[in-house]
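Produce the entire structure from the sequences given, and follow the hints as far as they go.
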Amino acid sequence: MGPLFFSSFPRNKCLKNKQLLSLFRSCFRSSGLLRKAREQLDVAAKGTYILNRDFDTMGRLVARLHDEVEHNNAMIRLCLDRFSMHVVKELKKSSVGFQKLIQEA
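Residue numbers for the sequence shown follow this note's numbering, so the first one is 1 and each next one is one higher.
In short, the hints are calculated from the structure, not lab data.
In this text, all values refer to a predicted model and were calculated from it rather than measured experimentally.
From the three backbone atoms N, C-alpha and C, an ideal C-beta is built for every residue, glycine too.
Treat the hints loosely; a few may be bogus.
[Unchecked claim] Taking lysine-lysine pairs in the DSS-like style, the calculated list, with each CA pair at most 27 Å apart, reads:
hint : residue 1 : residue 2
1    : K89       : K100
2    : K36       : K18
3    : K46       : K36
[Stated by the list, open to error] Label pairs and their computed distance ranges (CB to CB):
hint : residue 1 : residue 2 : range
4    : N73       : Y49       : 54 to 62 Å
5    : A45       : C79       : 49 to 57 Å
6    : V88       : V62       : 34 to 42 Å
7    : L80       : R53       : 35 to 43 Å
8    : D56       : D81       : 34 to 42 Å
9    : A44       : L21       : 37 to 45 Å
10   : F55       : L33       : 29 to 37 Å
11   : D56       : R77       : 26 to 34 Å
Right, dumping it as structure tokens:
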């Protein structure tokens with residue numbers, strides 16, 4: 001099956017493709033475009049790595065900030081609950097005194 005596959009293509013096109021490929025490679029080698037492209041890719045890869053690390057750091061900082069805000073909310077709720085319980089106790093005390101005043105009158 002392999003020879004049949006290759007025999008279905010005209011040989012002159014294969015030669016032209018090989019010639020074009022060698023010409024293409026020689027253009028890249030002679031002008032240094034390949035080297036420049038490789039250097040640009042290296043710089044882009046380093047920048048991507050740094051950005052990825054920065055985003056990870058920011059994600060951890062946001063998570064810590066979220067935890068701190070949730071902790072503060074819980075503390076505020078606790079203080080409000082305790083304060084409201086204190087207010088209820090004071091109201092009960094004053095209502096007992098108020099009821100005594102009503103009974104005396």
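Structure-based check of all given hints:
| no. | hint | result |
| --- | --- | --- |
| 1 | K89 to K100 | holds (17 Å) |
| 2 | K36 to K18 | holds (24 Å) |
| 3 | K46 to K36 | holds (15 Å) |
| 4 | N73 to Y49: 54 to 62 Å | violated (37 Å) |
| 5 | A45 to C79: 49 to 57 Å | holds (51 Å) |
| 6 | V88 to V62: 34 to 42 Å | holds (39 Å) |
| 7 | L80 to R53: 35 to 43 Å | holds (41 Å) |
| 8 | D56 to D81: 34 to 42 Å | holds (38 Å) |
| 9 | A44 to L21: 37 to 45 Å | violated (26 Å) |
| 10 | F55 to L33: 29 to 37 Å | holds (32 Å) |
| 11 | D56 to R77: 26 to 34 Å | holds (32 Å) |
Hint compliance for this structure: hints 4, 9 are not met, and every other hint is.
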